[in-house]
Each structure stands twice: as C-alpha cells, then as structure tokens.
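Line by line, the protein sequences give chains A and B.
The opening position of the first sequence corresponds to residue 158 in my numbering, with each subsequent residue numbered one higher.
The opening position of the second sequence corresponds to residue 2 in my numbering, with each subsequent residue numbered one higher.
Mixed in with the good hints there might be a few duds.
[To be verified] Pairs of lysine-lysine residues, derived as BS3-like cross-links and limited to a Cα-Cα distance of at most 30 Å, are as follows:
no., chain 1, residue 1, chain 2, residue 2
1, A, K227, A, K210
2, B, K38, A, K168
3, B, K72, A, K214
4, B, K6, B, K57
[Unchecked claim] Pair ranges (Cβ atoms, derived):
no., chain 1, residue 1, chain 2, residue 2, range
5, B, P112, A, K168, 34 to 40 Å
6, B, S13, A, T174, 18 to 24 Å
7, B, R62, A, T162, 28 to 34 Å
It should be emphasised that the hints constitute simulated quantities derived from the structure, not laboratory data.
Note that CB positions come from ideal geometry on N, CA and C, so glycine has one too.
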Amino acid sequence: DAGITQSPRHKVTETGTPVTLRCHQTENHRYMYWYRQDPGHGLRLIHYSYGVKDTDKGEVSDGYSVSRSKTEDFLLTLESATSSQTSVYFCAITRTSADYNEQFFGPGTRLTVL
Amino acid sequence: DQQVKQNSPSLSVQEGRISILNCDYTNSMFDYFLWYKKYPAEGPTFLISISSIKDKNEDGRFTVFLNKSAKHLSLHIVPSQPGDSAVYFCAASANNNDMRFGAGTRLTVKP
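Required output: the full structure, derived from the provided sequences and hints.
Set out below in structure tokens:
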C-alpha cells in the first residue's frame, strides 16, 4: 500500500462537460503519474509531475490537463469530456528502492462519458 | 506504436504447473523491465523487475528472464496457484518517467 487514494472511484458524465479526477498521496513522493487503461492497450501515460507546479506530457496527453499545487495532490482535468475518454484512470507514484525506481498505483477511477 | 507487446491475451494452466508469460519489446533503449499483476477493480501491483544488466531475477515463485538480443522477457510462476489468476502487465522504460506497458495477459490457474 503506497498511501494513494483516488476520487471519485466512479463517475458518469455527459459529453462536453468538464471533469476533474483527484489523486492524493500521503508519503511525500516527488513523482506522480496519470495513466489510462483501455482494452488492448494496457496502461498509457497521460501526464506526470516531478514536483509542485512541475508537469510534463505523456504518450496520450491530448484533451487532458493536470495541476499539482501541493506535493500530495495531483489533479487530472478533462476540459470537455468526449466518449473516447471513457476509460479507467490510474494514478501512480514512484518509490525508490536500493536498486530500482518502481511505480505504485492507486485503486483507479472508472469514468464513463455518455 | 506499441513498443511493448504481449501477444497472448490469455493463458490457462493447471494448479501446481508452471505459468510462462511472454513479452516482446522493440525499443533497444529500454533498460528496465517490470511485471505488474492486476485483479479486477484494483490498481496494478508491482510484482518483480529486472535491469538490463541482468538476465534473470528471482523472487520466491516468480522469476523474470531477459533476453536482450531477442528483445524478449518472460515471467515464470512455479508452482502456479489459483490466487495467481489475474491480468499480468509487462512494462519497460528507458527512463523513470516514460514507462510503456503491454496490453496484458489474463492468467487463469485452474484447481
């Protein structure tokens, strides 16, 4: 358990509405990530953050924005949701061990865009 | 552009037997490889990893093998248990912030 919570856990919304997903961590990790999981694609990185106010794009960033005003919170925003953004969204942190940096994931948010 | 591929969407094995999950990659810059296990309605959990300087890493019943020349890695589970039934994702990275995942293999271990 890496102390990661995500909210909401489930959300149904309509096309064109804004949506914000929240990731909260309790262990003061510097790096945080947002992924989406879709059948046939595995997990794909949307955005990541390497510190407060420091973010960068991932593999599938179009249509998404992020913000990190506090170490513990990383927000993912869909400015105008589309049906193609129906997915399961996972937040992750990097925990450094002696040899490797390993990513640990939150429980996920299932988002449905009608 | 899928740089990490798991060509078997599903695998079924008998309890007590060996499970072998395979993964291929195309990017020769990848230097760190991981396996994650995922149960329904939960986030992926880290299972085992291997650096490109090694060809084998073992942790209890789980062993990961890396063949750099073939750009192939595999996860062996011996002996397989019903609780191992889950979706397994292979992942690879060339740096810590751009990890690429395969599409996953659903393992079913039958009692």
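Report the numbers of all earlier hints that the structure fails to satisfy, in ascending order. Of the numbered hints given earlier, the structure breaks just one, which is hint 6.
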